[in-house]
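Assemble the whole structure, with the sequences as input and the hints as a guide.
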Amino acid sequence: MNVIVGDLAVRAGVPNAEAVTAHSLRAGGATVAYAAGVPVSVIAAHGRWAPNSPVVLGYIRAVDRWRDNAMRNVGL
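Here the sequence shown is numbered in our numbering, starting from 11 and rising by one per residue.
FYI, nobody ran anything at the bench for these hints, they're computed from the structure. One should not assume that every hint holds.
[Unchecked claim] Derived DEER-like restraints, expressed as beta-carbon distance ranges:
no.	residue 1	residue 2	range
1	Ala-37	Pro-61	16 to 22 Å
2	Asn-62	Gly-38	18 to 24 Å
3	Asp-17	Ser-63	28 to 34 Å
4	Ala-55	Leu-18	25 to 31 Å
5	Arg-21	Val-42	20 to 26 Å
6	Met-11	Asn-83	40 to 46 Å
The beta-carbon is built from N, C-alpha and C at its ideal position, and this holds for glycine as well.
Here it is as C-alpha cells:
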C-alpha cells in the first residue's frame, strides 16, 4: 500500500513525495474532517479508533493553531 501511495504522490508532484505513506492518508483524513468541524467522536468512529481514545488526537494535525490568535485580523 505504501508503494502505491508513494508512487501516486510522485506522479502528482507532491513536494517531499518520498515521505508520503498510506499512514499519511489516515492523518490527512482525520485532519480535514476536524478542520471541517466534524466532532472528534465521529472522526474516531469513522477511523475505527476506540471510543474516547486519545490516540485519534495524535492524527489530527495543527489546523487551528492561529484560529483564536488575537492578532489574526490586525493586518500586520
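Going down the list of hints, with the structure as the test:
no. : hint                          : verdict
1   : Ala-37 <-> Pro-61: 16 to 22 Å : holds, 20 Å
2   : Asn-62 <-> Gly-38: 18 to 24 Å : holds, 23 Å
3   : Asp-17 <-> Ser-63: 28 to 34 Å : holds, 32 Å
4   : Ala-55 <-> Leu-18: 25 to 31 Å : holds, 27 Å
5   : Arg-21 <-> Val-42: 20 to 26 Å : holds, 21 Å
6   : Met-11 <-> Asn-83: 40 to 46 Å : holds, 42 Å
In summary, this structure violates none of the numbered hints.
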